[in-house]
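**Student:** Order-wise, the sequence lines are chains U and P.
Counting from 1, position 9 in the first sequence corresponds to residue 9 in the numbering used here; the numbering is continuous, with no gaps.
Take any residue in the second sequence, count from 1 to its spot, add 339: that is its number in the numbering used here.
Be careful, since some hints might not be right.
Unchecked claim - Here are some chain P residues pointing at chain U (derived, C-beta under 10 angstroms):
{"id": "1", "residue": "L363"}
{"id": "2", "residue": "S514"}
{"id": "3", "residue": "S517"}
{"id": "4", "residue": "R522"}
{"id": "5", "residue": "L526"}
{"id": "6", "residue": "A528"}
Keep in mind the hints are simulated off the structure, nothing from the lab.
Think of the CB as a built atom: it goes at the ideal place given N, C-alpha and C, for glycine as much as any other residue.
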Amino acid sequence: MRRTRSSERSSTVALSCFALAWAMATVAVAEEPGKWLERMNQALTTRNYDGTFSHWQGGKVEMLRIIHRVQDGAVSERLVSLDGSGREFIRTGSDLACYLPDKRIVLVERRPPEESLFGGIPAINDQTAKFYDIKEVARTRLNRRDTHVITVSPKDEFRYGYRLWIDETTAMPLKTQLCNAHGKVIEQIVFASLTLSSRIPDSAFKPEVSTEGFQWLRNEAAPPKDPAAAASLVWDALKLPPGFKMAARKAQTMPGSTDPVDHLVFTDGLASVSVFVEAHSQSNASSEDPPLDESARVGSSSAFSTVIDGHKVTAVGEVPPATVRFIANSVKAGPGPRQ
Amino acid sequence: MNEELDSQLSAMFDDELPSAECELLARRLSRDELLKARWGRYAVMGAAIRAEGGVRLNTGLPGRVSTAISAEPVLAAEPAPQRRERWGNRWWQPVAGAAVAAGVAAVSILWMRSQAVPDAPNLAQAAAPMTTSVVSGNASPASTAEPDSYVVPKTPGRRLVVPSTELANYVVAHSEFSSPVGRRNLLSAFMATETGTAGTSAGSEEPTEDVQDDAKNPQ
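Using the sequences provided together with the hints, build the complete structure.
**Tutor:** Pasting the structure below:
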């Protein structure tokens with residue numbers, strides 16, 4: 001009898017262990033797609049690479065080249081349009097420069113040294129799973145590389161989804177599709193070539209476009225903010241789409257301007273929306289400005305601008321138009337903290 | 340370009356080059372901009388050939404491909420001498436984990452064929468926008484100095500809003516807070532000619548094949 005009880009206890013323990021192991025394995029499997037996203041983000045931000053890719057959006061395709069390097073803790077990046085506008089975006093450390101040959105303008109933004117690129121990147125967390133289904137739907141070969149196909153499907157229409165072909169060895173996304181809430185592909189990036197190098201020379205981050213005769217617009221050092229004014233108004237969104245939370249708030253100046261702009265960032269862990277608030281003055285408006293209370297598109301990303309309480313409020317984000325409109329219209333000024 | 344190299348390139352694109360030679364050529368490709376441009380042309384031609392083999396493509400592709408090939412941009416081997424603003428300080432700031440990850444990154448080279456057959460329509464679309472391309476005569480000094488370097492596609496019939504400097508500022512500022520993939524999408528779109536397109540992104544040529552492929556994606 002005693003032996004029987006002992007045997008039953010052993011069986012129970014074994015079953016428990018098995019159940020625990022199975023549960024852990026299940027959790028591990030369930031976590032795997034999210035882990036792939038994390039690995040992909042890490043690869044995109046920390047690896048050195050030089051690639052050429054096609055960018056499809058709205059029936060139009062352009063070839064672009066991206067060069068990315070992390071050296072001695074500093075990020076350098078160059079993105080250049082190969083067959084279109086000839087625009088280039090170059091980051092070297094804290095300096096961002098945007099070369100716009102079509103407008104004969106160079107925008108230069110120098111960011112404070114304490115601000116790192118990675119500080120503002122949305123982080124996938126437990127909340128993210130409430131608003132997206134993240135699954136691995138296939139393991140397939142793409143251009144002779146083994147890839148994991150991960151889908152990130154939004155559960156509502158406030159955000160976009162992704163379909164990602166992530167290289168098994170390097171975790172680089174070899175192909176990316178941006179999809180709307182119905183799964184329709186609205187933007188696609190496919191690498192034609194990709195080189196991972198241990199070293200990329202500084203010369204790779206020099207612009208190809210000649211800037212002779214270009215207008216250079218820089219962000220000047222922000223004037224000391226009037227403490228009384230700073231304390232008087234604090235901008236926030238009274239209502240946000242489900243899952244979005246404020247991730248950052250800062251005052252910054254834009255290239256070509258000395259007026260400070262309040263920059264608020266909202267994210268759901270994957271998508272993010274920036275809201276820029278600045279004093280609205282008709283005299284500042286030029287024919288180049290987008291019309292107020294009107295939407296604009298940057299690829300599949302959206303922008304919406306309106307005027308609230310004498311301030312121009314512009315929301316920009318890689319989300320559907322309705323989301324930037326929703327957020328911009330819900331921004332209000334409240335009293336600041338008492339000094 | 341000598342015939343042997345040309346032949347190797349062709350064999351590599353057709354997946355008929357031995358892997359050892361393939362790697363050597365890939366290394367050379369990563370250094371040689373002219374060779375890269377030639378590779379790009381093979382990609383376009385490959386799409387056209389595959390199209391003739393029955394892959395569903397957009398109508399009128401062959402004619403457009405020939406236009407695209409003739410307009411294929413060539414990257415200069417060395418950047419042209421430029422007058423650039425000198426950036427004084429570089430803010431070399433520590434980024435957790437970044438240096439370590441970059442340091443251990445193996446010297447690995449991927450050289451992927453531009454598009455496998457299921458993706459051929461996308462490559463075809465890559466050729467398509469060049470159909471209406473014209474060499475810009477007044478776009479930039481670079482265009483004047485290197486007329487073969489840049490083409491400015493024109494797509495009549497779409498209402499365009501040239502992005503304002505202000506919007507450009509916002510896009511760049513926002514990109515610092517985007518996810519890595521979202522950031523790349525946003526900046527890529529911004530680099531494209533028609534950024535700021537107003538209204539809906541009404542494109543008729545969508546990679547629907549991908550959606551269909553995905554629906555029946557093999558496990």
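**Student:** Need the list of violated hint numbers for this structure, in ascending order.
**Tutor:** 1
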